[in-house]
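Read left to right, the sequence shown gives residues 1 to 220 (our numbering).
A couple of the hints might just be wrong.
To be verified - Simulated restraints on C-beta separations: (1) L123 to R86: 24 to 32 Å; (2) P142 to R167: 39 to 47 Å; (3) R167 to A31: 52 to 60 Å; (4) R68 to A137: 16 to 24 Å; (5) A64 to A190: 38 to 46 Å.
Source of the hints: derived by calculation from the structure; they are not laboratory data. Just so you know, even glycine gets a beta-carbon here, dropped at the ideal spot from N, CA and C.
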Amino acid sequence: MRQVVRIRPAGRGGARRAVWLDDGRRLVLDADDVSRLGLEPGQGVDDLLLGRLDRLAQEAEARAAALRLLNVRLRSRAELEHRLRRRGFDPTTVARVLDRLAAAGWVDDRRFARAWVEGRLALGRAGPRRLRAELRARGVPPELVDEALRAAWQPEEERSRAEALARRHLARTRALPPEVRLRRVAGLLARSGFSPEVVADLLRRLAREVAPTVTGREVP
């Protein structure tokens, strides 16, 4: 039977422990797991315990990788799952790690969705359709996408944000012909994810200001 020969802190922050066995094997585990198992030098390690330690070492590595990603920015559970799977962690390990991180509050799709919407709105160039598509592409469940958008958008919010974006663009293109300016604004608003109804109504109003001579026909 193998034995634990020594246990030392591993990495920064004291969250992990390196466990050496007498066969030369070194396993890095979360400190909480070492405490829960009651590991200490001189303890015997049978095949059953060794298998468990191998699994916990894989989870500790995956957890550390996930936390590094989260230190860069908030991420959805689906994003983290994709990145961890791409790094070679098996699905069971990834699921267990993400469950533990979710229980600790590190992984929260509701918080991620709201933060994503707030951040994108702060840039002033995203409508609800685009935000919905971005969140769904990141694997956020539809009900949480709807919740985040409802929390961020008041009834007239889309119209006011679309108008602010359009007017900023028009202010930079005064040298261009009116029809070109309006056509470019229309493309910008559509790409930014504002609804067709809002875009059409806004363009009609802007056309009366920018190009009075073309208001009698459809804006390009």
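Now for the hints, and whether the structure bears them out:
no. : hint                     : result
1   : L123 to R86: 24 to 32 Å  : 28 Å, holds
2   : P142 to R167: 39 to 47 Å : 33 Å, violated
3   : R167 to A31: 52 to 60 Å  : 56 Å, holds
4   : R68 to A137: 16 to 24 Å  : 22 Å, holds
5   : A64 to A190: 38 to 46 Å  : 43 Å, holds
Checked against the numbered hints given earlier, the structure breaks only hint 2 and satisfies all the rest.
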